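Enquirer: These are the residues of each chain, in order.
Number of protein chains: 2
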Amino acid sequence: MGDLEIRRAVVEDVPAIVALLADDPLGAQRESPDDLTPYLAALGRVDSDPNQHLMVAVRDDRIIGTLQLTIIPGLSRMGANRSIIEGVRIHAEERGSGLGTQLIEWAIDESRRLDCQLVQLTSDISRTDAHRFYERLGFEASHVGFKIRL
Amino acid sequence: MGDLEIRRAVVEDVPAIVALLADDPLGAQRESPDDLTPYLAALGRVDSDPNQHLMVAVRDDRIIGTLQLTIIPGLSRMGANRSIIEGVRIHAEERGSGLGTQLIEWAIDESRRLDCQLVQLTSDISRTDAHRFYERLGFEASHVGFKIRL
Chain S
1 MGDLEIRRAV VEDVPAIVAL LADDPLGAQR ESPDDLTPYL AALGRVDSDP NQHLMVAVRD
61 DRIIGTLQLT IIPGLSRMGA NRSIIEGVRI HAEERGSGLG TQLIEWAIDE SRRLDCQLVQ
121 LTSDISRTDA HRFYERLGFE ASHVGFKIRL
Chain L
1 MGDLEIRRAV VEDVPAIVAL LADDPLGAQR ESPDDLTPYL AALGRVDSDP NQHLMVAVRD
61 DRIIGTLQLT IIPGLSRMGA NRSIIEGVRI HAEERGSGLG TQLIEWAIDE SRRLDCQLVQ
121 LTSDISRTDA HRFYERLGFE ASHVGFKIRL
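Protein chains in written order, with the UniProt record's numbering: chain S, 1 to 150; chain L, 1 to 150.
Rather than coming from a laboratory, the hints here were simulated on the basis of the structure. Incorrect hints may have been included.
Repeated chains share a single entry, so a pair holds when one copy, or any two copies, can fit it.
No more than 25 Å apart at the CA atoms, straight line, and that leaves these computed lysine to any residue pairs for SDA-like [said to hold, decoys possible]:
no., residue 1, residue 2
1, K147, A41
2, K147, Q29
3, K147, P38
4, K147, L99
5, K147, S32
6, K147, L26
7, K147, G98
As the structure is a computational prediction, the values presented were derived from the model and not from experiment.
Can you build the whole structure from these sequences, using the hints too?
Expert: This is the structure in structure tokens:
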């Protein structure tokens, strides 16, 4: 088994990322892997914003995980940067391998490097395994996450 | 009583914004209104990122509210933009006046205008009044919000 590499996503990675997003109980209902056009346009928007870090985890030339880290500057907490983790997905064959931990630890380290004082994420109430996972990594379930669809 | 204006924050607004951030049960412990230096630096970082919208609500030349809207492009949900609302504060004398509703409705309208398909925010578990407020505005408490301090 080769080494794990965590690197920035490029356009050639889009099909594999979309497959990861769709291979998920919630994602299956809201992704369209047969038409990559909207995803390629979205990658352009991500790449044009230096505060977005869309990452892939690669081993033996296979994309086995992804996450997006967003840096948000702001005035609160004495002008602290914070970061937000979104879109964490691990390939079905890699779940339980420790890859999720490696990806989240990468995101925490990168947030520290980019002067963030806080890392935050939300997880659907139904994802109870994920909640235990984040608590094991030191996250505190201190907030209620609200969403509204437009 | 004059008209309400919701506009982008400028450097002259920083003392009033910091006062609002500090006049809060949680914010009182983590802000330093006597030294604006870190806040002014943070405003520079906010202004240099076109996806950040730090807003103030102004009436009769007084700043009576603030929030920050962040647009996050991403691949999930067919390449949807989402927005995040942070740092919502209403002046003590204006609470219960409907200003919070006007600010959040502004953020929702602006998110729609900027092609977001989702607006999200997190609220500390202790802020139960805020939770009822967001639910009345149509938000769903669908997620658990995790944070880790660095």
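Enquirer: All the hints need checking, so say for each whether the structure fits it.
Expert: Hints, one by one, checked against the model:
Proximity of K147 to A41 under the C-alpha cut-off of 25 Å is restricted to the intra-copy arrangement: shortest distance 24 Å within a copy versus 30 Å between copies. Taking the shortest Cα distances, K147 and Q29 sit within 25 Å of each other inside one copy (17 Å), while across copies they are farther apart (28 Å). In this assembly of identical chains, the alpha carbons of K147 and P38 lie at most 25 Å apart only when taken from the same copy (22 Å versus 31 Å across copies). Proximity of K147 and L99 under a CA criterion of 25 Å is satisfied inter-copy only: 20 Å between copies versus 28 Å inside one chain copy.
For the identical chains of this complex, K147 and S32 are intra-copy neighbours only, at 22 Å inside a copy versus 31 Å across copies, given an alpha-carbon limit of 25 Å. Taking the shortest alpha-carbon separations for K147 and L26, both the intra-copy value of 15 Å and the inter-copy value of 22 Å come in at or below 25 Å. In this assembly of identical chains, the alpha carbons of K147 and G98 lie at most 25 Å apart only when taken from different copies (21 Å versus 29 Å within one copy).
Checked against the numbered hints given earlier, the structure satisfies every one of them.
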